[in-house]
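Colleague: Here the protein sequences come in this chain order: R and Y.
Just so you know, the first sequence maps onto residues 165 to 531 in my numbering.
Just so you know, the second sequence maps onto residues 185 to 539 in my numbering.
The set of hints was computed from the structure by calculation and includes no laboratory data.
Even glycine gets a Cβ: it sits at the ideal position worked out from N, Cα and C.
Incorrect hints may appear among the rest.
[As the list claims (entries may be wrong)] Pulled a few chain Y residues facing chain R out of the computed Cβ check, cut under 7 Å:
#1 E252
#2 Y253
#3 R254
#4 V394
#5 L396
#6 P425
#7 L479
#8 E483
#9 S484
#10 L485
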Amino acid sequence: MTKKKPRLQDSVLLDAITRLGGKVTATELSDLLGYPDRTIRYRIQRLREKGYLGRVWPQTFDTKLGLGDASVILDMADDYRKLPREFLDCFPNFYAHYVSFGRYNGYQGGVGYPIENPHIIDRMLRAMKNMGIIKDSYVLRTMDFLSVAGDLSKYNPQLGWNWDWREWAHQSEQTLKVGERFPLTFDHTPAPFDYDHKDIAIVAELKMNSAITHKELSEIVGLSETQIGVRIRRLQDANILRGYAWLTEQTPANIVLYTHIELEEPDHPALTCFLDLPFRKELIMESTDRFCVRLTMNSSDVAGYLRGLDAFRHHFRSYFIQYCVSIGIVPGGMRGFYHLHNESTGLWEMPVEDYIQNLEKFLEKHA
Amino acid sequence: MLLKAVTELGGTINATELAKMLRFPERTIRYRLQRLKQQGHLYQEWPLTLDIKLGRRETGLFLELSEEYRHLPRDFLLCFKNFYVNYATYGRYHGYFAAGGYPIDEPRLIDKMTTTLKKMNVIKDSFKFDTMDYFPPSADLSRYSPTTGWKWDWRDWLRQSEKAIKNGEPSGLDVVWDHGTMDYDHKDIAIIAEIKAHGNISPKEISKRVDLSDTQIRMRIRKLKDEGILLGSVWLIPPAPDSMTLYTFVEVDPSDDSPLACFRYIPFRKDIFVDKPNKYCIKIVMNSSNLVGYLRAFESLRSYFNSYFFQIIVNQNVNTERIHYHYHLHKESSNRWEVPMDEYIRDLEEFIKQY
């Protein structure tokens, strides 16, 4: 008779998910921890009910749906330092935001814009600056992004990431010496995709609840189950729907680091160096020489990361790091955000002047 | 256990505190610390000093390198011999941090240096923090256990801090704006130089290097302590892979320093530097696992400050020779601190040419 395996500790499971950057599938976890897939799924469900885990989040590339995405950082003016964070809600297209520290101290987050009207971001920021709310800002528009899984061979559920910054620094030196170009490709000219409001409604519902069934989707969106299946496959084939990720930003030990870099030349090996990090990473490209590397890591790994960066940071034309905590989502959630797409006109409608007026009213109330 | 205690206490704790906590005689602790030092686990004992009364102002400089000179070797900072250490730094400024000093009667010297660096386009921005007063509060050892480490929750800190600030609790920092000057000569500074460079050097050893008798050295050390120049000492440790030094710069209203009360409740050892009546810097050495909790709590505390920002330093080492040299910028012949900035700037120009 085989000995019964000890009960899987919540803390062990949570730690595994957290340290894996919050982005790992149940199957990967089951292989790693040596418990059946079913057990893992059940326990994750339980953890979610207890409020430990955020939701599973479908990663989407919305540019092909006519929706531009920008990462915006706001450096708050000293005069408005007591302004409640809710002022951001005046902009329904500012769909998620963090408290952000570093070169800029204030907030940062994702802002959507109609792809044919990128200027609304500049308009928003100009208005905030004129009102004296912010003293500075930074914008990175997503041209494409890559999500690279963590290196599970370097991960131990009890001890966390088994990595040594010295090794990373050494690898980076080699990478730079050899001149190893960035091996992955970004899509610089995304092919157009023929979409309608129903595609967007599907994405919106998936963002609200990734575990939603085709049957439920068909009732909400008003399509047959088969049609839902066909549309989801189409979204996947067009590389719009890019898989699922766990959101664990709110787990106590995690911190999100955004390293913004400008390369000396396109595909410079300095970008390759980030791939040697064991954590899950997201590389967001604005242009061939302007990137942002997003890392979710355990706070205890931050010192090692910075130590490693010391070794090759001078290879960036410029760079800076933002340290982010406390995520907030726009009221109405992602469904509200995606329904800024108007069904009758088939357009993304973001009346930025109205938003600015809302902000003015908000300021009056909180002056 | 001794090493763990020294490490987790931020590497900055003295033998007396350790003896009390670990319940061993101070002598034993001192002996064992020496052993650990010989084995390379500890660097040295680092004397804390406030040199203002000796005519020297401590200063910290954060430099953001320009794009053009981003490949310039860090050694360019060695041209400025009035700075004794330089480290890579991250935060609002991405570049280098340099710590040094300058004669109190030449307050424009550092500005001259940064203006020139800017003109030469070596840096694009800089931030200077002068030390007008300095407080090294020791760690709250009641929250530390040698076996289990720190018992500490940053959410408690937030609660305590908000309560303290709302109640208008004073910061507890009794800042002295004019320390005056002690009646000193070159020998006092030579003694400090020896202590800084060699840690717990005995008066007898010092007397061999500084031309004074044993007794005279003892008397002078006593006087330096009484004047509040020698403030005690702490142990420096080789940086653990996950340790970091976090500087928090805050501005408060000069008339109301109560927001600063929050830092009293952080149990780790900290150094508090004061520049102007509204400008403070809190330096904490901690395991980087604390960063997220600290920032989460600071999210709610930041609105109490007129402004704030952070700087992080990770790769640190101490060059005792350079510190020794630094103190000998005080010249016996003139009994003055001599910082020939023009000469340093010429050295830098030479350095850049070679590079």
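Colleague: All hints are to be evaluated individually against the structure, with a verdict given for each.
Modeller: Here is what the structure says about each hint:
1. E252: 10 Å, violated
2. Y253: 10 Å, violated
3. R254: R254(Y) check passes; min Cβ-Cβ to chain R is 5 Å, inside 7 Å.
4. V394: Hint on V394(Y): violated, closest Cβ of chain R at ~38 Å, above 7 Å.
5. L396: Nearest chain R Cβ about 43 Å off; hint violated.
6. P425: Where the cut-off is 7 Å and the nearest Cβ of chain R is about 6 Å from P425(Y), the hint holds.
7. L479: 5 Å, holds
8. E483: 5 Å, holds
9. S484: 9 Å, violated
10. L485: 11 Å, violated
Checked against the numbered hints above, the structure breaks hints 1, 2, 4, 5, 9 and 10 and satisfies the rest.
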